[in-house]
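K.L.:
As you go down the protein sequences, you meet chains A and B in turn. If you count the first sequence from 1, position 264 lands on 264 in my numbering, and the numbers rise without skipping. If you count the second sequence from 1, position 56 lands on 1056 in my numbering, and the numbers rise without skipping.
Honestly, the hints are just simulated from the structure, not real lab data. Cβ coordinates follow ideal geometry from the N, Cα and C atoms, glycine included. Please note that a few of the clues may not be correct.
[Claimed, not checked] To give an idea of the interface, some chain B residues facing chain A are shown, with a C-beta separation under 7 Å as derived from the structure:
| hint | residue |
| --- | --- |
| 1 | Gly-1018 |
| 2 | Asp-1033 |
| 3 | Trp-1035 |
| 4 | Tyr-1037 |
[What the hints assert, rightly or not] Far from chain B, some chain A residues (derived; all Cβ distances over 12 Å):
| hint | residue |
| --- | --- |
| 5 | Arg-22 |
| 6 | His-147 |
| 7 | Trp-210 |
| 8 | Pro-234 |
| 9 | Ala-279 |
| 10 | Ala-329 |
[Claimed, not checked] Here are the simulated distance ranges between beta carbons:
| hint | chain 1 | residue 1 | chain 2 | residue 2 | range |
| --- | --- | --- | --- | --- | --- |
| 11 | B | Gly-1062 | A | Asp-303 | 53 to 63 Å |
| 12 | B | Glu-1024 | A | Asn-177 | 26 to 36 Å |
| 13 | B | Leu-1058 | A | Ala-51 | 53 to 63 Å |
| 14 | B | Trp-1035 | A | His-69 | 51 to 61 Å |
| 15 | B | Asp-1042 | A | Ser-141 | 41 to 51 Å |
| 16 | A | Pro-176 | B | Arg-1050 | 22 to 32 Å |
| 17 | B | Glu-1024 | A | Asp-35 | 41 to 51 Å |
| 18 | A | Glu-251 | B | Leu-1015 | 44 to 54 Å |
| 19 | A | Pro-333 | B | Asp-1042 | 18 to 28 Å |
| 20 | B | Gln-1066 | A | Arg-323 | 17 to 27 Å |
| 21 | A | Pro-287 | B | Asp-1049 | 38 to 48 Å |
| 22 | B | Arg-1061 | A | His-69 | 36 to 46 Å |
| 23 | B | Gly-1062 | A | Asp-277 | 52 to 62 Å |
| 24 | A | Ser-403 | B | Arg-1061 | 48 to 58 Å |
Next come the chains, spelled out residue by residue.
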Amino acid sequence: MTMTVSLPRVLHAASGQPLSLREHEYAFAATHVDDLFGELVASGLAGRGGAGFMTARKVELLRGVRARHKVVVVNAMEGEPIGHKDRTLLSANPHLVLDGAEYVATMIGARQIDVCVSRSDPTVVRHVQDAIGEREGRRGSPAFVLHTPPWRYVAGEESALVHWLNDNETMPQYRPNRPNVLHVGRAPALVVNAETSAHVGLIGHFGAEWFREVGTSASPGSTLVSVSGAVVRPTVLEVPLGMTLRTILREVGADPGPQAILTGGYGGAWLSAEHLDAAYCDEVLRPLGAAVGAGVLVVLPMDACGLAETRRVVAWMANESSRQCGPCAFGLPALAEDLGTLVRGSRDARAVLRRLTERCAVIDGRGACRHPDGVVRLVESALRVFADHVEDHANGSTCSAASSRHWVAVPEIEHESQLVWE
Amino acid sequence: MRKIESFVLKVNPILCDGFAHCHELAPELVNIDEWGYPIISDQPTSTSDRSILESARLAVRGCPRQALRIERTEAPTRR
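In isolation and in its complexed conformation, chain A is listed as follows:
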């Protein structure tokens, strides 16, 4: 009988220190499935980086490309300021992530694996460096190369990351026809999120049938969630997909009677607390206007102002635009300004609200990447979920909650002059 691991899976055996290669092999049993690609297809694994694209389809796309050299890019940039899953994972089981990357490399025929970790996180960089060092000289192992791009929200967008590897610029690229194949140099590249890679590692060790023992049939497996806001303390935990939001919140000691939940991340969507019994998986959340996205949940208590929280996020996201595309560079600051006017209150709040709604519709889908679309989704969800409260603001009544404590953690905005586009 093969020894397998139970939940937690990707965080199995996690302690304060990352597992060494020997500990890792002991904890995860050095077993391998025979038909890697077949198992990946059967597993139904969807990417955990935000877009939720089927991993097997990505692999299939790259398998179909003929080239002398191919590369696997492991994306551990973690652009979400309120997401901590990739660094938690790499600080616990770096070798599981690297196992998964090796499996992907085997499947597509790549001999190099570029691991990208933001330089703003030196501890994680060191863990990955150590893990790569331990693997050096193993027979048949592909070459691991560690990269440490500067941290920016859009730097983790896959075309921006590939842009960095090619030209040291963390800016998204225009890709009119998707899915298309990105290239590092002349080598076709498969970009895989770090957590996704860890799940591929599990599938390669234990197989699809085991993988599907938790989760739902449409969203199999477990996933990492970063929960913050009105909670005892911000926590990253591994949950089976399909667990109700209420159960997840109970696990982290969250406010049991919140007003709403921010799902997905800064480019995600608010979900009203009336849906607390909804299952945490895309097939349930998407029809409600929300999504698993980058695995972020923020609990907003009853006495908070959802509009003010949204304004702070949008202002930060506007500043994070790489300012390549007009609708994003000009549109997002305009959205932040409209939200600001609404939050503060104004005599023509009604007209501002109308303009905000129109601007959302105009901006949506007009950038080279999905950065502006995410912000639009967030704003539109706020107008929907906090509709009654938005109405109060539009009627000009003052809101004391708007200036009280904040619940969605937002980094300080760096000014243009401080930004380094390397």
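Place chain B on chain A using the hints.
P.N.:
Only chain B this time, still in chain A's reference frame:
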């Protein structure tokens, strides 16, 4: 070359600097937003009226940033 029956006018938003010449040259295809950037439908346009393809070509040629491109689409659709 095969006759174009329907097409989509596509803008590369990274190249586009909002000169809005396309809007002047092909107003039936291109709207502009409040910041001067083009809003173009992603639905195929039928060329049953030949002049519309001519407008699209004018817009492509008239773009100072060469950000526009005509993409032939498979199935002709009604406009």
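K.L.:
Does each hint fit the structure? Answer for all of them.
P.N.:
Going through the hints against the structure:
Interface restraint check for B:Gly-1018: the shortest CB-CB distance to chain A comes to about 5 Å, inside 7 Å, so the restraint holds. Proximity of B:Asp-1033 to chain A holds as hinted, the smallest CB-CB distance being about 5 Å (cut-off 7 Å). Contact between B:Trp-1035 and chain A, as hinted, is supported at the beta carbon level, the nearest pair being about 4 Å apart and thus within 7 Å. Annotation: B:Tyr-1037 was flagged as interfacial toward chain A, and the flag holds, the nearest CB pair being 4 Å apart, inside 7 Å.
Non-interface call for A:Arg-22 relative to chain B: holds, since the shortest CB-CB distance, roughly 48 Å, exceeds 12 Å. Consistency note on A:His-147: stated as away from chain B, and its beta-carbon is indeed over 12 Å from all of that chain's, at 23 Å minimum. Taking the minimum C-beta to C-beta distance to chain B, about 42 Å, the non-interface status of A:Trp-210 holds against the 12 Å cut. No Cβ of chain B approaches the Cβ of A:Pro-234 within 12 Å, the least distance being about 36 Å, so the stated non-interface status holds.
For A:Ala-279, the non-interface assignment is confirmed: its Cβ lies about 33 Å from the closest Cβ of chain B, beyond the 12 Å cut-off. Remark: the non-interface label on A:Ala-329 conflicts with the geometry, its nearest Cβ contact in chain B lying 8 Å away (cut-off 12 Å). For B:Gly-1062 and A:Asp-303, the hinted distance range of 53 to 63 Å is satisfied, since their beta carbons lie about 56 Å from each other. Range check, B:Glu-1024 to A:Asn-177: Cβ separation about 28 Å, and the 26 to 36 Å hint holds.
A hinted range of 53 to 63 Å for the beta carbons of B:Leu-1058 and A:Ala-51 is inconsistent with their spacing of about 37 Å. One distance hint, 51 to 61 Å for the beta-carbon pair B:Trp-1035 and A:His-69, is violated here, with the actual separation near 42 Å. Between B:Asp-1042 and A:Ser-141 the Cβ separation comes to about 45 Å, which falls inside the hinted range of 41 to 51 Å. For A:Pro-176 and B:Arg-1050, the Cβ-Cβ distance of about 25 Å falls inside the hinted range of 22 to 32 Å, so the restraint holds.
Roughly 59 Å separates the CB atoms of B:Glu-1024 and A:Asp-35, a value that falls outside the hinted 41 to 51 Å. Between A:Glu-251 and B:Leu-1015 the beta carbons are some 48 Å apart, a value that agrees with the proposed interval 44 to 54 Å. A beta carbon spacing of about 25 Å between A:Pro-333 and B:Asp-1042 agrees with the range 18 to 28 Å that was offered as a hint. Checking the proposed 17 to 27 Å range against B:Gln-1066 and A:Arg-323 shows it holds: the Cβ atoms sit about 20 Å from each other.
The hint said 38 to 48 Å for the Cβ distance between A:Pro-287 and B:Asp-1049, and at roughly 40 Å that hint holds. In this structure the supplied range 36 to 46 Å holds for B:Arg-1061 paired with A:His-69, their Cβ-Cβ distance being about 39 Å. In this structure, B:Gly-1062 and A:Asp-277 meet the distance hint of 52 to 62 Å, their C-beta atoms being roughly 56 Å apart. For the hinted restraint 48 to 58 Å between A:Ser-403 and B:Arg-1061, the CB-CB distance of approximately 54 Å keeps it satisfied.
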